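S.K.: Each chain, written out:
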Amino acid sequence: MLSKVIEDTAVELLRISATELPVEYVREMDRLMKKTKGATGRAQLKSILDNVSIARKNSWPMCQDTGVVAFMVKVGDKFPLRSELKEIFTKATRRATDEIPIRPNAVDMLRGNTNDNTGAFVPIINWELVPGNELEIIAMPKGGGSSNVANHRMLKPGLGMKGVKQFVIEAVAAAGSQGCPPYFVGVGIGGSEDLCMLLAKKALLKPFKVRNPDPKLAAIEEELLAKVNELGIGAMGLGEGPTALDLHIEMAARHPASLPVGIVIGCWALRHAKATIGPRGGVKIDKSA
Amino acid sequence: MRGLEYHLKTPVPEADIRKLKAGDVIYVSGTVITARDEAHSKALELHDRGERLPVDFRGVGVFHCGPIMRKKDKGWEVVAAGPTTSTRMEIFEDKFIEAFHPAVIIGKGGMGDRTSKACQKFGCVYAAFTGGAALLGAQGIKRVKDVYWLEELGMPECLWVYETQDFGPLIVTIDSHGSNLTADVGKKVNANRDRLVAEMK
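Here the protein sequences line up with chains X and G, keeping their order. The first sequence lines up with residues 5 to 293 when you count with our numbering. The second sequence lines up with residues 167 to 367 when you count with our numbering.
Check the hints yourself; a few may be wrong.
Straight-line Cα separation of at most 27 Å, BS3-like style, residue types lysine-lysine; simulated pairs [as the list claims (entries may be wrong)]:
| no. | chain 1 | residue 1 | chain 2 | residue 2 |
| --- | --- | --- | --- | --- |
| 1 | G | Lys238 | X | Lys39 |
| 2 | X | Lys278 | X | Lys61 |
| 3 | G | Lys237 | X | Lys39 |
| 4 | X | Lys95 | X | Lys166 |
| 5 | G | Lys353 | X | Lys166 |
| 6 | X | Lys95 | G | Lys237 |
| 7 | G | Lys367 | X | Lys213 |
| 8 | X | Lys39 | X | Lys50 |
| 9 | X | Lys160 | G | Lys367 |
| 10 | X | Lys41 | G | Lys308 |
| 11 | X | Lys61 | G | Lys308 |
| 12 | X | Lys78 | X | Lys278 |
| 13 | X | Lys8 | X | Lys278 |
| 14 | X | Lys41 | G | Lys187 |
| 15 | X | Lys50 | X | Lys213 |
| 16 | G | Lys367 | X | Lys210 |
| 17 | X | Lys220 | X | Lys50 |
| 18 | G | Lys187 | X | Lys61 |
| 19 | G | Lys354 | X | Lys50 |
| 20 | X | Lys61 | G | Lys237 |
| 21 | G | Lys353 | X | Lys41 |
| 22 | X | Lys166 | G | Lys175 |
| 23 | G | Lys367 | X | Lys166 |
| 24 | G | Lys208 | X | Lys61 |
| 25 | X | Lys288 | X | Lys90 |
| 26 | G | Lys175 | X | Lys50 |
| 27 | X | Lys220 | G | Lys187 |
| 28 | G | Lys353 | X | Lys50 |
| 29 | X | Lys95 | G | Lys175 |
| 30 | G | Lys208 | G | Lys187 |
No lab work stands behind these hints: they were computed from the structure. What you are looking at is a predicted structure, and each value in this text was computed from that prediction instead of being measured.
Could you put together the complete structure from these sequences and hints?
M.R.: Written out as structure tokens, the structure reads:
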């Protein structure tokens, strides 16, 4: 049954994302560890890499903070199931909580922890309707530590791109040691006060180290990644080793009077996994960065 | 900036804590108890009312951690237990240290002046464990001795009492002599930020 395939796949994506860090990130941290001069910074990166390898080997969550459960979903307009999907993702979230297990992270402010990772508006699902007959699901559980250092500003349009770039530097400096660096930085520019934040979050999911197709934005990504690393926060904020592993920009058109900028920061454990499900239940899983 | 390496056993005498310097690497064997936002707040409330806590924090490790635990036939087992961001506890850690006299506060991301002052006054250190390294953390935990306040506060927020063997490596970033490594790095980062922002084209 198709609904069962989707549910099983969503559980599997939560398991993969919680337990297997994309190998591209692992290789990059290994490369940077070898380049890190200070023993403290190197020790932090070594602990991260050892930990990631234990997680992969045993299929255990690499971090105890398995995040608020979130899915980015693209529904093909000819995919047979649509309005039922929300309930399927909710069921999958409850199962994943017991089966993987992941930490119960949905707290009702008035009634306490729901203990099954579901609650009002949670799991968080971002919907997109696309042409075709397939369903694409990305599980993206994100820890609270790095989410707490997200930043948002409505800049004066007169500050222009220079103002945006200055804000990125300020936001990463403000995150400092708090969100488990080395970081991934997602920058959303334009749109509206809410859209820029969503774009910033989606920017984190863009292919690792692949620059923006717009050459002007690609140059800004390069410039900002280098400058963010000049801040010298270092692994775990101890001043040694890399501050950021990658930085992506997603830009929308904006209102003439507004320059919304959103910055979403991923910890070193930027966890995500993607699956594409065909109309007859064929599943393709993609673990790449 | 790497210092000496120490293997501490709880209850850690204050004199041993006073020997530690920022940059030292430590491992803790004995008792480590998890406590984060709500546990700190509840423990201090009980203390203010003159009530006894179900645990004794004196000389042990206090771990800023909301672990993933799994119930087994014979009690609980740790799945993943890494540190959470410690600055959230800055609002009451000084009072906590004064009230309960723990030896080592374990967390990530560093803490501020209030905690540093309490460490100097009462003989305590703050030691950082690599953020997210929850399985390395779990490896140092040999047994779950007890759990308190689970029903009321939930799995991430309650008090888990762990028996540890060489829990670490932890880097002392706040010692009892006024050094605060993360704060020092923060000052350099802010200077770099000001320069980068001023030079931006």
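S.K.: Decide, hint by hint, whether the structure agrees.
M.R.: Quick rundown of the hints versus the structure:
The suggested pairing of lysine 238 of chain G with lysine 39 of chain X is violated, with an alpha-carbon distance near 43 Å, which exceeds 27 Å. Taken as a hint, the lysine 278 of chain X and lysine 61 of chain X pair is honoured in the structure, with Cα atoms around 20 Å apart against an allowance of 27 Å. For the hint pairing lysine 237 of chain G with lysine 39 of chain X, the CA-to-CA distance comes to about 42 Å; that exceeds 27 Å, so the pair is violated. With a C-alpha separation of about 46 Å, the suggested pair lysine 95 of chain X and lysine 166 of chain X falls outside the 27 Å cut-off, and the hint is violated.
Pair hint lysine 353 of chain G plus lysine 166 of chain X holds up; C-alpha atoms about 24 Å apart against a cutoff of 27 Å. Pair hint lysine 95 of chain X plus lysine 237 of chain G holds up; C-alpha atoms about 21 Å apart against a cutoff of 27 Å. Restraint check for lysine 367 of chain G and lysine 213 of chain X: satisfied, since their Cα atoms lie roughly 24 Å apart, inside the 27 Å limit. With a CA separation close to 12 Å, the supplied pair lysine 39 of chain X and lysine 50 of chain X stays within the 27 Å bound.
For the proposed pair lysine 160 of chain X and lysine 367 of chain G, the alpha carbon gap of about 17 Å is at most 27 Å, so the pair holds. Simply put, lysine 41 of chain X and lysine 308 of chain G have alpha-carbon atoms about 34 Å apart, too far for the 27 Å limit, and the pair is violated. Distance restraint check for lysine 61 of chain X and lysine 308 of chain G: the Cα-Cα separation of roughly 20 Å lies within the 27 Å cut-off, and the hinted pair is therefore satisfied. Pair hint lysine 78 of chain X plus lysine 278 of chain X holds up; C-alpha atoms about 11 Å apart against a cutoff of 27 Å.
For the given pair, lysine 8 of chain X sits about 17 Å from lysine 278 of chain X by alpha-carbon distance, which is consistent with the 27 Å threshold. Restraint check for lysine 41 of chain X and lysine 187 of chain G: satisfied, since their Cα atoms lie roughly 21 Å apart, inside the 27 Å limit. Pair hint lysine 50 of chain X plus lysine 213 of chain X holds up; C-alpha atoms about 22 Å apart against a cutoff of 27 Å. Between lysine 367 of chain G and lysine 210 of chain X the CA atoms are separated by roughly 26 Å; this keeps the pair inside 27 Å, and the hint holds.
For the proposed pair lysine 220 of chain X and lysine 50 of chain X, the alpha carbon gap of about 36 Å is over 27 Å, so the pair is violated. As the CA atoms of lysine 187 of chain G and lysine 61 of chain X are separated by approximately 36 Å, the hinted pair breaks the 27 Å bound. Restraint check for lysine 354 of chain G and lysine 50 of chain X: the C-alpha separation of about 24 Å stays at or below 27 Å, so the hint holds. Restraint check: the Cα-Cα separation between lysine 61 of chain X and lysine 237 of chain G comes to about 22 Å, which is no more than 27 Å; the hinted pair holds.
Between the alpha carbons of lysine 353 of chain G and lysine 41 of chain X the distance comes to roughly 20 Å, so the proposed pair stays at or under 27 Å and holds. Restraint check: the Cα-Cα separation between lysine 166 of chain X and lysine 175 of chain G comes to about 54 Å, which exceeds 27 Å; the hinted pair is violated. Restraint check: the Cα-Cα separation between lysine 367 of chain G and lysine 166 of chain X comes to about 6 Å, which is no more than 27 Å; the hinted pair holds. Between lysine 208 of chain G and lysine 61 of chain X the alpha-carbon distance is near 38 Å, which puts this suggested pair outside the 27 Å criterion.
A C-alpha spacing of about 21 Å is found between lysine 288 of chain X and lysine 90 of chain X, which places the hinted pair at or below 27 Å, so the restraint holds. Between lysine 175 of chain G and lysine 50 of chain X the CA atoms are separated by roughly 25 Å; this keeps the pair inside 27 Å, and the hint holds. A distance of roughly 48 Å separates the Cα atoms of lysine 220 of chain X and lysine 187 of chain G; the hinted pair therefore is violated under the 27 Å criterion. The suggested pairing of lysine 353 of chain G with lysine 50 of chain X holds, with an alpha-carbon distance near 26 Å, which does not exceed 27 Å.
In summary, the hint linking lysine 95 of chain X to lysine 175 of chain G is not supported, as the alpha carbons are separated by about 45 Å, beyond the 27 Å threshold. Distance restraint check for lysine 208 of chain G and lysine 187 of chain G: the Cα-Cα separation of roughly 31 Å exceeds the 27 Å cut-off, and the hinted pair is therefore not satisfied.
The earlier numbered hints that this structure contradicts are 1, 3, 4, 10, 17, 18, 22, 24, 27, 29 and 30.
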